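This is what each chain is made of:
Protein chains: 2
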Amino acid sequence: MQAINLHKRTLGVTLAPNEPATARVWAPEAMEVVIQYDETQTTLQAEEGGYWAAPVPGLTAGGRYKFRLDGKEFPDPASLAQPEGVHGPSQVTDVTHFPWTDGSWKNPALGSYILYELHTGTFTAEGTFAAIAAQLDHLVALGVNAIEIMPVAQFPGSRNWGYDGVFPYAVQDSYGGAEGLQRLVDACHARGIAVVLDVVYNHMGPEGNYLGAYGPYFTDKYQTPWGAALNFDDAWSDAVRRFFIENALMWFRDFHIDALRLDAVHAIKDLGAVHFLRELRGHVDGLMAETGRTHYLIIECDLNDTRFIDPVEARGFGMDSQWIDEFHHALRVTATGEQSAYYSDFSGIAHLAKAYRDAYVYDGQWSEHRKKYFGIPAPANPGEQFIVFTQNHDQVGNRMLGERTSSLVSVEMQKLMAGAVLLSPFLPMLWMGEEWGETAPFQYFVSHTDAELAEAVRQGRKKEFAAFHAEGEAPDPVSEETFNRSKLQWALRNQEPHATMLRFYQTLIGLRKSLPALRTPDRSTVQAEADEEHKLLTLH
Amino acid sequence: MQAINLHKRTLGVTLAPNEPATARVWAPEAMEVVIQYDETQTTLQAEEGGYWAAPVPGLTAGGRYKFRLDGKEFPDPASLAQPEGVHGPSQVTDVTHFPWTDGSWKNPALGSYILYELHTGTFTAEGTFAAIAAQLDHLVALGVNAIEIMPVAQFPGSRNWGYDGVFPYAVQDSYGGAEGLQRLVDACHARGIAVVLDVVYNHMGPEGNYLGAYGPYFTDKYQTPWGAALNFDDAWSDAVRRFFIENALMWFRDFHIDALRLDAVHAIKDLGAVHFLRELRGHVDGLMAETGRTHYLIIECDLNDTRFIDPVEARGFGMDSQWIDEFHHALRVTATGEQSAYYSDFSGIAHLAKAYRDAYVYDGQWSEHRKKYFGIPAPANPGEQFIVFTQNHDQVGNRMLGERTSSLVSVEMQKLMAGAVLLSPFLPMLWMGEEWGETAPFQYFVSHTDAELAEAVRQGRKKEFAAFHAEGEAPDPVSEETFNRSKLQWALRNQEPHATMLRFYQTLIGLRKSLPALRTPDRSTVQAEADEEHKLLTLH
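From first to last, the protein sequence lines stand for chains V and Y.
Residue numbering for the first sequence follows this note's numbering, beginning at -11 and increasing consecutively.
Residue numbering for the second sequence follows this note's numbering, beginning at -11 and increasing consecutively.
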């Protein structure tokens, strides 16, 4: 396993006191690598492993640069800022001197997390980190103690869910950039709120992805739903692994992020002897040992395989927790009777009872939707290793019209669903606005600057809904209207029935925090029985 | 996990006493499936899981048939015989009534195996199973107790290493077919020799592969060196898994095969929660519990990952043993100083000492040839889990001219290499003819009937040797001469220096069998030290 510097970033441009900046980039097939800034250029020297580096006197914070590989210029893969967008130059940024005030902050025990997922662009009218910080009173009053921020890596344009990011180290400029995120984390910690950051290590967005120009970041050994897979186990994969491991370490060390939510790790294709996630765990453990701080690794994983969350000693990858969409699907089908696409695998209340008992609904059964036997049992994994929700950005936004649960079920059913999640022996997660029964949709939106690509997304979106047999027209993902329509309507929370719903959520969260039986998720003490005839679920 | 019938084959055409034959085939996307034989046809009925089946009165052993899917005819994927070659009709074959005489046979403990790899077509002038049986005296006198037969699944034409097989259940007709193999196994058991069969579950040959016409046997999620990967974890993969699992069970149950050697399992791409090999292990264990017989699963695996060979209780896949090419490479580089292609990763004697100590030479180090950190340590795996050799079909035949070790090193060095293998704490394997220092090459040969394909193989072969910087022209793989040139020259064994070499091998094997310290491989008691200056390796 490769050595990784736990103390600082080594990729891109790094600053140090009383020394010139250092530039380093991985380009194993290049013959010459130059860093170009202002009217100046410096030739980098080859290092072991395909890296190139050099001190760059004169390049200071705020300076803009590109790398030139054998005559062609590209932004820095490890860029910390892209002030002119994904195609423009990278900007030197100092992320190591933020005046932190959270010295007394201690990341709460994972089992006490009550999560709140939000999208920076639509959580507030302003769509910035600063605007989130201005709403912390609301979150504190609600009672949640961890926000989970959808991906903030620089994406094309200013409107995107975040999964089209192409600069994993650069914080989206329109959200407030690196310093904006640091301010938000500091403010959250001051209010007792942990920060979970959603990061995408399984694919790159379709526009502004220059990684391939630098080296074999991708492999054609595997295909993912988003094209060729990132190279986690083929020749040269260690540099790709290091690129993402140093990224994770940066968020924890330099941004004080408490936990990462790793997007779709089933699409991290790695058949090598040491899985990428296992290696990541090792280095994060190393960082934690050095700093004395605690950081969690949470995964989204569509495999129902405990290997991901089992401890390293049990030959697992040591991830701390995972989303379980199946709990959602069972709950959703129970509440709405929906049966289209992947919901067709879920029977309703009997499956919901199984989710309470076994976490995985499919732990070895034939899945008619997947056309295969699916999953293995998870009897030994504690409740805090599973994150449940009544809805999330995907389950809302992947509907053609982006309807939240509030548009699909009655107020009373919303309350029942909230109870199902908040009183469960798993970690509950809210989706922004559900606490007041927000009525605005959360639709799919992009702002690709490449017109052809934008049109392809438009068409792809239409095609996708063939599977759902949805009626009507999909909203135009490229239109700014679609984005604006998806913003929370904060005024609602003072109106009925929203105000009552908000009080209901506050009360439930309060109960979860105060009742010993609910405070920490203990799966072993929970019995769940389904009475299908009366659509009755008994938990005791 | 799916249920698998341990008692009999369920796929293809099966015979039972006093009942009509049954035909069954998996074709999940077909609208109509018909079995066509003589002038008769029977329509199959759809079963669960995409299978189709029907009783077929009138179809008896020897009858020829094809399946017709929506109007197009193809041979049976689970055909037991292809008397007219890979494109012709399948033939009903009774493999369950062979008059076995091996009732008292007991598969030896794996740790006592002394393996002998052979290729049926070139082991003898006749190139048949019957001709192998006629040479058992030689093998008994030599002292080996297990032959490993290169793949016998029906391939195009009559000349092939076996890795181009396209009917995993059909024994190559030109070798003697199913009954010929059964006779050979029976004869081996009568002489105290176990039989290991090499099977290919990771790809299909390029000619006569009709699997894709029947259903999603392949997936485009993964690529292998031989094209699209067999579908072990995608939608419908359980039927593909069952196809191969029933195949393994057939060899053990109906052919009394003692062990399977699973070709290149690193190319069995399976990221699901239950790896195919783990499922296979479970069903083979089930069969063993039913019959009271022992069967071993041996793998070829290029991952240096103990997960494959660790016991199921330790979350391994439970394979019994694996080839370790790295021991060979270290030994070869020590003996010959070769440094081309993958040999470039091996330093010679220091790496050989490491192979004795650690089995895997690369157990976490940077591999310059692979351009990545490679492998994990295997401290807990006993010596019998590793199979070593001075040469094998690949290490000889993948050379441009197919030179055996005997053409590359002195007689004395051959003896030293033999000692290195036969006195090792691992399972030794000989490659046919090495015991007398055979001088004939073992070259790459095919007899594809598709002219375009044959030419592509010719060109591919030439291109391949760019990496080895070999001089001269590659022998024509399609020419019958190349095949004939590769046959053993049995007369040599009575001539010098071959007769002496043969006695040397006999003596070494005798020592291994008689000396308690050598009889069973015990890695824990072996110390290996390399003195690089004097090119000296001390084992004690």
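Do not rely on the hints blindly, as some may be mistaken.
The list treats identical chains as one, so a pair stands whether inside a single copy or across any two.
[As the list claims (entries may be wrong)] When the alpha-carbon atoms are kept at most 30 Å apart in a straight line, the in silico BS3-like pairs for lysine-lysine are as follows:
#, residue 1, residue 2
1, K359, K523
2, K451, K209
3, K94, K359
4, K359, K60
5, K54, K359
6, K(-4), K359
7, K209, K359
8, K94, K451
9, K501, K403
10, K501, K94
11, K451, K359
12, K359, K450
13, K475, K209
14, K403, K475
Hint data in this document are derived by calculation from the structure and do not stem from the laboratory.
It should be emphasised that the depicted structure is a prediction, and the values quoted were computed from it without experimental measurement.
Practice task
State whether the alpha carbon distance between K359 and K523 is at most 30 Å within one copy, between copies, both, or neither.
Solution key: This pair counts as within: shortest intra-copy Cα distance 28 Å, inter-copy 58 Å.
Practice task
Give the relationship of K403 and K475 under a CA distance limit of 30 Å: within one copy only, between copies only, both, or neither.
Solution key: within (22 Å within a copy, 79 Å between copies)
Problem - 30 Å Cα threshold - placement of K450 relative to K359 - result: within (25 Å within a copy, 43 Å between copies)
Practice task
Up to 30 Å between alpha-carbons, please classify K359 paired with K60: within, between, both or neither.
Solution key: between (47 Å within a copy, 25 Å between copies)
Problem - Intra/inter-copy verdict for K451 and K359 if alpha-carbon distance must be at most 30 Å - result: Only inside one copy: K451 and K359 sit 22 Å apart there, 41 Å across copies, limit 30 Å.
Exercise for the section: Could you figure out if K501 and K94 sit no more than 30 Å apart (CA to CA) within one copy, between two copies, both or neither? Expected result: within (18 Å within a copy, 64 Å between copies)
Problem - Intra- versus inter-copy proximity for K451 and K94 (alpha-carbon distance at most 30 Å) - result: neither (47 Å within a copy, 61 Å between copies)
Problem - Within, between, both or neither: K54, K359 at alpha-carbon 30 Å - result: Classified as between: cross-chain Cα gap 27 Å, same-chain 48 Å, threshold 30 Å.
Practice task
Measure nothing new, just compare the shortest in-copy and cross-copy C-alpha distances for K(-4) and K359 to 30 Å and report within, between, both or neither.
Solution key: Result: close only across copies, 25 Å inter versus 46 Å intra.
Exercise for the section: Check K209 against K359 for me: Cα-Cα at most 30 Å, and say if that holds within a copy, between copies, both or neither. Expected result: Result: close both inside a copy and across copies, 24 Å intra and 16 Å inter.
Practice task
With 30 Å as the alpha-carbon cut-off, assign the pair K94 and K359 to within, between, both or neither.
Solution key: neither (45 Å within a copy, 41 Å between copies)
Exercise for the section: Can you give me the call for K451 and K209, within, between, both or neither, at a CA distance of at most 30 Å? Expected result: both (27 Å within a copy, 21 Å between copies)
Hints 3, 8 and 13, counting from the list given before, are not met by this structure.
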